[in-house]
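Visitor: This is what each chain is made of:
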Amino acid sequence: MTITFRSAALAFALCAIAVLPARAQERPFTVVHYGGTFGQAMRTAYFDPAEKELGIKIVDTSRTDMAKIKAMVQSGNIEWDVANVNTLEVGRGAKEGLWEAIDWSVIDPKVAGPVGKLEYGVAFVGFSIGLAYNTKKYPSPATAPASWADFWDVKKFPGPRALEDRVRYQLEFALLADGVAPDKLYPLDVERAFRKLDQIKPHIVAWAKPPVQPIELIASGEVDMDSAFNNEVANAQQRGAPVGLQFNGALYTTNSWVILKGTPNKAKAMQFIRTVTQPAYEARLAELTYFGPMNPAAVPLVKPEVRKNLPTEAENLKRSIALNNEWWAANEAALIDRWNKWLLQK
Amino acid sequence: MTTAWRWGARLQRHNGVPWLAPFLIVFAFFYAVPLARMIFTSFDGVNLDTRHYRYLAGEEVYATVALLTVKVSLYVTAAALIIGYPIAYYLSRLRGSALTIALAFVLLPFWTSVLVRNYAWFVLLARRGVINSLLAGIGVGPLPLLFNTAAVVIGMSYVLVPFMILSIFSVMRGINPIYVKASASLGASRIETFWRVFFPLTLPGVYAGVLLVFITAMGFFITPALLGGGRVPMIAVLIESQVRGVLNFGVGSALGTLLLAGVLAIYYAFDRVLGVDALFGQKR
Numbered sequence: 001m002t003i004t005f006r007s008a009a010l011a012f013a014l015c016a017i018a019v020l021p022a023r024a025q026e027r028p029f030t031v032v033h034y035g036g037t038f039g040q041a042m043r044t045a046y047f048d049p050a051e052k053e054l055g056i057k058i059v060d061t062s063r064t065d066m067a068k069i070k071a072m073v074q075s076g077n078i079e080w081d082v083a084n085v086n087t088l089e090v091g092r093g094a095k096e097g098l099w100e101a102i103d104w105s106v107i108d109p110k111v112a113g114p115v116g117k118l119e120y121g122v123a124f125v126g127f128s129i130g131l132a133y134n135t136k137k138y139p140s141p142a143t144a145p146a147s148w149a150d151f152w153d154v155k156k157f158p159g160p161r162a163l164e165d166r167v168r169y170q171l172e173f174a175l176l177a178d179g180v181a182p183d184k185l186y187p188l189d190v191e192r193a194f195r196k197l198d199q200i201k202p203h204i205v206a207w208a209k210p211p212v213q214p215i216e217l218i219a220s221g222e223v224d225m226d227s228a229f230n231n232e233v234a235n236a237q238q239r240g241a242p243v244g245l246q247f248n249g250a251l252y253t254t255n256s257w258v259i260l261k262g263t264p265n266k267a268k269a270m271q272f273i274r275t276v277t278q279p280a281y282e283a284r285l286a287e288l289t290y291f292g293p294m295n296p297a298a299v300p301l302v303k304p305e306v307r308k309n310l311p312t313e314a315e316n317l318k319r320s321i322a323l324n325n326e327w328w329a330a331n332e333a334a335l336i337d338r339w340n341k342w343l344l345q346k
Numbered sequence: 001m002t003t004a005w006r007w008g009a010r011l012q013r014h015n016g017v018p019w020l021a022p023f024l025i026v027f028a029f030f031y032a033v034p035l036a037r038m039i040f041t042s043f044d045g046v047n048l049d050t051r052h053y054r055y056l057a058g059e060e061v062y063a064t065v066a067l068l069t070v071k072v073s074l075y076v077t078a079a080a081l082i083i084g085y086p087i088a089y090y091l092s093r094l095r096g097s098a099l100t101i102a103l104a105f106v107l108l109p110f111w112t113s114v115l116v117r118n119y120a121w122f123v124l125l126a127r128r129g130v131i132n133s134l135l136a137g138i139g140v141g142p143l144p145l146l147f148n149t150a151a152v153v154i155g156m157s158y159v160l161v162p163f164m165i166l167s168i169f170s171v172m173r174g175i176n177p178i179y180v181k182a183s184a185s186l187g188a189s190r191i192e193t194f195w196r197v198f199f200p201l202t203l204p205g206v207y208a209g210v211l212l213v214f215i216t217a218m219g220f221f222i223t224p225a226l227l228g229g230g231r232v233p234m235i236a237v238l239i240e241s242q243v244r245g246v247l248n249f250g251v252g253s254a255l256g257t258l259l260l261a262g263v264l265a266i267y268y269a270f271d272r273v274l275g276v277d278a279l280f281g282q283k284r
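Which chain is which? The protein sequence lines are A and B, in order.
With this note's numbering applied, the first sequence closes on residue 346, and no number is skipped along the way.
With this note's numbering applied, the second sequence closes on residue 284, and no number is skipped along the way.
No wet-lab data here; the hints were simulated from the structure.
Zero decoy hints are in this set.
Partial chain B-side listing against chain A, Cβ under 10 Å, derived:
1. GLU60
2. PHE147
3. ARG231
4. SER241
5. GLY252
These numbers were taken from a predicted model, which means no experiment stands behind them.
Where is the CB? At the ideal position from N, CA and C, for every residue including glycine.
So here's chain B without its partners, still in its complex pose (with noise of 0.2 Å):
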């Protein structure tokens, strides 16, 4: 045998985890190193002192922001749900050229700047920007469309909707149109056949991208600072405003490190509740 089969044999018994070296070598250094930093940062480093969690926990509108950002979310994964099912169900039943073209319209924002798209909605949402414009010519007074909740709301959904569409889409394309057909087959209504066939099946799509949507959402920054006109206060803004306003790195890293432990929570409460597994297809 030749030294390169044996070598090879002797990867292939670790099933292929060494190839994964240059992937850790990136995670390590620009993820993992960094995230425990800050973590340590929020400790005061060596000292082991919680007086910076002690602090947040003793005002209120720590609480508020809190509050705020899980509420934001929330609405954000709704509109995000409820605007991206149809549109992926849409995409699954073309074909050919017409899903190419329909997926490049999905995938166009991707290729454009995060920040360009949010400053487009201040075009269109300011007092006298399109949107009141239009209201205008029918008599309604300029409505307050910029610099609130509901315009980071609209921002974010913005972007975060092909998340959605594409987590569902994916899952649609997978499913074997002869179960459809089956139950129509059997007697079933059209409703019927949606809502105890096709639905269930596409909830692994629907959970990743309600998963994936809401935690985007809850560490979401240029969003609510932009749109947000200094009013909404989404923890993200605030760990900045404690970084560069206040100099205070402990606080902005007690910050931090509570939003990953709340990420991680709703994580694990989902994979308690539907299980990770779902994710990918698999019941429990």
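Chain A on its own, in the form it takes in the complex (with noise of 0.2 Å):
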């Protein structure tokens, strides 16, 4: 069969003729989280009240993706118009020219609590990430790892072990292994953290993803030891499995609501952000995910035998160690491209 450019000419006519313009579709107002159980608890506890307060239809989707965002924000074709991100995102993001400017007159900055009065983001949860271990291996707090000196210690605790598959929060539990005291981490010395990660890198069985394949390893009997996040860990505690977690050494970090540059629905963010920062709509949360809330009038609403699992309750805050947000903000993206190499090479 003989193409002839005639031929090849008359085809591609068609194909253009047939080319309509698409038209654009009126889409609702959409937020967009981490999703797991996280993002459930959300639909319960935030949408569904507050599309009943603001009369209006609330879609939300899953997985805030940083990448995805600096697409739609730089092709204009904004899909989401609130994210739920890391507070360390908000100023990364920010950087970027991803997010539109708070308007602090439509909210109470306390709301936000410790955080308090960001540019471009409004704090709404804190949790924490630490050492998880096997409760069949290790029953008893007593013979369980204590420290991230114990994660590291493969002649006092051998094992198959895991750690997240990305550079966000080792470099603190490395120099926490190291030695480093909790008030002198930051800023992170990087290069002792990389050090220290060299000497654990062989007993890393499998690099987990954020953040419920480190539950799996863990529940499977994969590994003996990873990181995971408490609401995740409280979760898979009650639904019975044997998931420990330690907060001696645990960072402590929190999530904002950002507005992603150039969404139509601004106002309709703004007011959406106010609703669910009201200490009902926090507290309700905290009940169903071990959140701890930033709102501080929201922990009183918090029912006791919950409040005392907070991570921002006071005996695990006191263990706990604040994540610096500025310092990640401004060294993350350099880092990942080295964690990248750093996991490529044998």
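Fit the two chains together into the complex; they arrive one by one in their own frames, and the hints show the way.
Guide: Right, here's the structure in full:
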């Protein structure tokens, strides 16, 4: 069969005729989050009541993806209005021009708790990531690993381990294991952290994908220890999985609401954030997820038996270390590249 | 003559190519345009800057990734061929309902989600999984079967074997059994008949299967990402971490373009050595 130029031209001409401009559809107000049990809890605690209070339809979706957000803002095709991001992404995204400025005349800065008034984000939950271990292998707290130094101690605690597949949090864990005092952690000594990580690398069986895989690895017996978020551990314990969490040496971090730059629904977005940061809303989420609410007025509303498991509870907070968002916002991009290369090395 | 007849005659002169229009629309919008954009992005758009390529060339680790990708793809292709050829042969000897049932078994995996099929290997290969539990019964300690290159090769071979089987089977089916009978009647042993008569006739299917499986394996993402546990960085896994982790669309696009160039080079090499017509059973 010979394809002449005329035949091909005719074919393409038919293509061109068939191309019709796509009509932009009116899309509903959309919030994106990290999915999993966290996202499901937000549907119950935040989105359904907010729909009633504000009288608008709220569509929620997962998973927050900085690459997608960057692509959306660059192309002008905004699919998400409000995003739930880790607070360190607020600074990082602001540098790339991804967020709208928060209108603090609409919200009381006190709702953002200890994080306070950020230019581009409103903090709403706090949670901790710490050493998670298999409670079948270490049934009593006395024998369980008690610090990151124990995680690195393969003689005293032999067995397969895992860590998350990203650089965030790992540098702090390595430095704590190397004996750095919590109040002297920041600015992080990156070289020292990577040297320490080299020591544990041969014993890492898998680089887990957060937030759920670390729990799966422990529950299935693939590893004895890894790092996991307190809400995932609490949820797993409720399901009967043999996972325990060590608050000593845990990193306390927060999540914030941000508004994507260029969204057509900026006013609605501000109203949404104002609504869900009210005390009753944040207390509801705390009871469902074991996340610490940022709004101080929300804490007294949380049921007592849940309150003592919150990462913001006094005892737990004392043993945790607050993540330095500014340091990560400034340094994460370069470190991700270095981390990926480090992972590729033997 | 009617108008319709004359229009029909006109279109016929173009050998039916205009009927490709629907396919070409889909191809252009969902394949050609995004691919061109990716190549464009790798050169930083209108700047035509090669900095992303220079960055990749400057780091040793990326050469390691390329070598690992080729190595794993070769293992997978070899495994698919070794497993797939005998199965295709067995299928080609079946007739009637036996053939239908057997083909259904080969095709069934295509109707199952590839994610589910990969997760099934978790259950089999895990430290306390099925295989290790059986081994524990005979006193062999838990073997590290998961989160390494072996697991990835196993998982990928499992997904790609049906492609190899179907490629070879379709050619085997078309081989006239009279050749085998003629060879036997001329006094050749069974091995001689297979090696010198039957096997060369199946080569077009083997070539097609090998090419298909190897090229697909080069670009594979799900299996190395899941079963590799972050420890088997094939090129697609690296592209994902560049785009989603580092947010570096430029380097990600450069990697994608390099993969495309590599695959085209393989196809070109295949054509020079064997001739693409070999895929269709015609000698050069």
